[in-house]
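First to last, the sequence lines map onto chains W and V. Here the first sequence stands for residues 1 to 230, numbered as in this note's numbering. Here the second sequence stands for residues 1 to 307, numbered as in this note's numbering.
Each statement offered as a hint is correct.
Ranges of calculated distance between the beta carbons of each label pair, as one might list FRET restraints:
1) VAL10(W) to ILE287(V): 48 to 54 Å
2) ILE226(W) to LEU29(V): 58 to 64 Å
3) ILE299(V) to TYR11(W): 26 to 32 Å
4) ALA116(W) to MET1(V): 19 to 25 Å
5) GLY188(W) to ILE283(V): 57 to 63 Å
6) ILE283(V) to GLY39(W): 57 to 63 Å
Rather than coming from a laboratory, the hints here were simulated on the basis of the structure. Owing to the predicted nature of the structure, the values given are computational and were not obtained by experimental measurement. Heads up, the beta-carbon is just placed ideally off N, CA and C, and yes, glycines get one too.
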Amino acid sequence: MIQFVNVSKVYPDTDVEALHNVDITIEEGEFVSFIGHSGAGKSTLVKMLLREDRPSEGSILYKGEDINDFSHKEMNLYRQNIGVVFQDFRLLSNKTVFENVAFAMEVAGKPDEIIAEDVPYVLELVDLVDKANNFPHQLSGGEKQRLAIARAIINDPKLLVADEPTGNLDPASTYEVVDILKKINKLGTTVILTTHNTGVVDALKKRVITLEKGSIVRDDPHGSYIISKK
Amino acid sequence: MTFIDLKRIIKSGFQNFTRNSFVSLSSILIMVVTLSVAGLLLLSRAVLTTTVETLENKVDITVFFDLGANENVILDLKQEVDAIPEVASSEYVSATEALINFRERHQDDELTLQALDELGGNPLGAMLNIKAKNPEDYGIIAETLGDQGALSQSSLQVINKINYYQNEQVINRLVAITTGAQTLGTVLLIILGTISVVITLNTIRLTIYSARQEIGVMRLVGAGTKYVRGPFIIEGVLYGLVSSVVTMVLFFPITLWLGEKMSMFLGINLHTYYLSNFFQFFIILLIVGIILGTVSSAIAVRRYLNH
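Please model the entire structure based on the sequences and the hints provided.
Here you go:
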């Protein structure tokens, strides 16, 4: 489904090589965790995948097509098909919980009746129905992240990218979030997770890819959190 | 763009406008300043036009006739004058009428009236007031009247004096001074206007700058350009709309005051002018406001869309 083909990224202003010859294939339905120290290249990888940035060399294929060749329209469609969750939530602060989720459906051109039907359903899934009319600043960290997940899955994406989703959460919220991710994966969505959290990775018992200084040093099909001491 | 897209964009723009009330308020306040300057420009243009018109209307040529000149001769002369192509109209004032007019003008001036009574009889001669079609034509008319060939000999004999050259210089100078003062005022207002336009642009740019993260988020969930830009443009339109209404409301007491205190000085009652041109005034401010709001929003979002 997703292929990184010899992807390297050098930031021109610093000359730091954030990714070096990364070669990964992720199949449909997989749950893949990327682990590594800060600066190992996890975030760069996610940025490349969302085309927030482009690789210096190599290509990233989505269903066999290079995402860097996508037109504006194709890019919007591609992004509508990927759910994204970030450590800093990235919610729309002027919109209520309901509207944040609805927005992702609106930009995908879904009709109002479907929006009115689907949003409460997804909010129920992440246990936020009572807070539908609250604004993001009225939510706790865990609630914000659950809202972000609700937004990410509302369009029934084929792929969910979660970049350090538990980074700002307490242990209880962390397990809630991981639980939801597992459920989503079980329903058939491919999940890509980057994390620092040993417990999360160990509990998942799914494929783990370890990054060090921009290169892949380990790719374990049923991995646990193994990382060299800095 | 479909109807449903448009509906969502407009709704979202309205929500941004009401939910960011403080940001909206500051944008509107600064825009009201700009629009007030624009309004003052319009008012000062009205004052200028009226002043110049009034002054131009004061220019005329008066032909004074000898005391006791034959009325028939004068009426013949009036016909000859009316035949001059540059003349718009001429008005004959007989000696008797001239005396009545004089008494009316000086009705509060006991001394002058007493002096007039002492004189006995009518010391005033008949007059012919001549209006030209264009103010520039007075020179030509005055010359024609002075020209021996243009008028018959009998007419020329009864002409006592043609006052044009005395008034001409004074009036030209007054027009020059008024125009100069108004030009200076206009230039100042335009400079002020430019400054406030730049500040408005910048204020709106800053409000959108604070929303740049949200723009990034919208992009990430796959929002097309119209979904990102649209609501900001709607917000800009709303800023313009509200600001022009606020400015119109503000101008009501301002022109009322100016109308009460300054009508004599300005030669025009600005409140009456404002009321009679209310609709036109509003449309101009509305268009300026909406263009200003839309353009500054568009420029600002463009910047963050391209990132």
